[in-house]
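Colleague: One-letter residues, chain by chain:
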Amino acid sequence: DTGVSQNPRHKITKRGQNVTFRCDPISEHNRLYWYRQTLGQGPEFLTYFQNEAQLEKSRLLSDRFSAERPKGSFSTLEIQRTEQGDSAMYLCASSLGSRDLTTGYTFGSGTRLTVV
Amino acid sequence: AQRVTQPEKLLSVFKGAPVELKCNYSYSGSPELFWYVQYSRQRLQLLLRHISRESIKGFTADLNKGETSFHLKKPFAQEEDSAMYYCALKGGAQKLVFGQGTRLTINP
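Read top to bottom, the protein sequences are chains A and B.
At position 75 of the first sequence (counting the first as 1) the number is 122 in the working numbering, and the numbers step up by one without a gap.
At position 80 of the second sequence (counting the first as 1) the number is 220 in the working numbering, and the numbers step up by one without a gap.
Since the hints were derived computationally from the structure, they do not count as laboratory data.
A couple of the hints might just be wrong.
Listed below are several chain B residues computed to face chain A (Cβ distance under 10 angstroms; list not exhaustive) [stated by the list, open to error]:
# : residue
1 : Gln146
2 : Ser152
3 : Val153
4 : Lys155
5 : Val159
6 : Tyr176
7 : Tyr179
8 : Leu186
9 : Leu236
Every beta carbon over 12 angstroms from chain B, so not counted as near; a handful from chain A, in silico [what the hints assert, rightly or not]:
#  : residue
10 : Gly63
11 : Asn65
12 : Glu91
13 : Ser109
14 : Arg128
15 : Asp133
Note that the structure is a prediction, hence the values are computed from the model and not measured.
Virtual Cβ for every residue (Gly too), placed ideally from N, Cα, C.
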């Protein structure tokens, strides 16, 4: 297991296009998180899954954003009708719920989205 | 509301000098606090957590509930400590709330 994997690493898209990112968590981790990070800011929480259930969504997650984790393994984050304000680094993290406090979250390298 | 404040965006110290990265939080309950670090071209990784009261790479952090602070300290900075440091809080919900981060630069 090589940790949390995110694809693609970089994505450049035109405004108005749809984009989809993928996250493969550590295999035994039941919790999966999506964060967004803009320049000069810390990561901001977007949404969280426990197994396949999406348990919490941030107000930052507008109707244009949707996330899925269909089989409780990998997750996808889709942004429809992208806007320039969506340009950011999108981070995925996973954790083993029973050990959150001891091992913390494991983060992926992120997908950098640029909307032109 | 849960909030984490890191008042210094940039901090520069000389090698061998003491380092203190400040973190203040706002949360009405009993928080769990963490420090994460991101070295150049690497992913965000856990440095330490208050629950274990450990020292990692010479860094320590003490939770002060009276001052709602969780400052990160190291007595003698090393060049390899140069990185971006984020303080994070986990309250009643499962999510981590991060501060803005402090970029620490250790000068030789």
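Colleague: Find the nearest Cβ of chain B to the Cβ of glutamate 91 of chain A and say whether that gap is larger than 12 angstroms.
Modeller: Glutamate 91 of chain A not clear of chain B: closest Cβ-Cβ about 7 angstroms, inside 12 angstroms.
Colleague: Holds or violated: valine 153 of chain B as interface residue toward chain A, Cβ cutoff 10 angstroms?
Modeller: 21 angstroms, violated
Colleague: Looking at serine 109 of chain A again, its CB stays over 12 angstroms from all of chain B?
Modeller: 18 angstroms, holds
Colleague: Would you check whether the claim that arginine 128 of chain A is not at the interface survives, using Cβ distances to chain B and the 12 angstroms cut-off?
Modeller: Answer for arginine 128 of chain A: holds, closest chain B Cβ roughly 26 angstroms.
Colleague: Holds or violated: is there a CB of chain A closer than 10 angstroms to the CB of leucine 186 of chain B?
Modeller: 4 angstroms, holds
Colleague: Answer holds if the nearest beta-carbon of chain A is closer than 10 angstroms to that of valine 159 of chain B; otherwise answer violated.
Modeller: Nearest chain A Cβ about 19 angstroms off; hint violated.
Colleague: Please check whether glutamine 146 of chain B passes as an interface residue: C-beta within 10 angstroms of a C-beta belonging to chain A.
Modeller: 8 angstroms, holds
Colleague: A cut-off of 12 angstroms on Cβ-Cβ distance, and asparagine 65 of chain A was said to be off the interface with chain B. Does that hold?
Modeller: 26 angstroms, holds
Colleague: Less than 10 angstroms between beta-carbons is the criterion; does tyrosine 179 of chain B satisfy it with respect to chain A?
Modeller: Not OK, violated: tyrosine 179 of chain B not within 10 angstroms of chain A, min 12 angstroms.
Colleague: Minimum Cβ separation between glycine 63 of chain A and chain B greater than 12 angstroms?
Modeller: 30 angstroms, holds
Colleague: Answer holds if the nearest beta-carbon of chain A is closer than 10 angstroms to that of leucine 236 of chain B; otherwise answer violated.
Modeller: At about 6 angstroms, which falls below the 10 angstroms cut-off, the nearest Cβ of chain A leaves the hint on leucine 236 of chain B intact, so it holds.
Colleague: Restraint: serine 152 of chain B near chain A, CB-CB cut 10 angstroms. Satisfied or not?
Modeller: 17 angstroms, violated
In this structure, the earlier hints numbered 2, 3, 4, 5, 7, 12 are contradicted, and the remaining ones agree with it.
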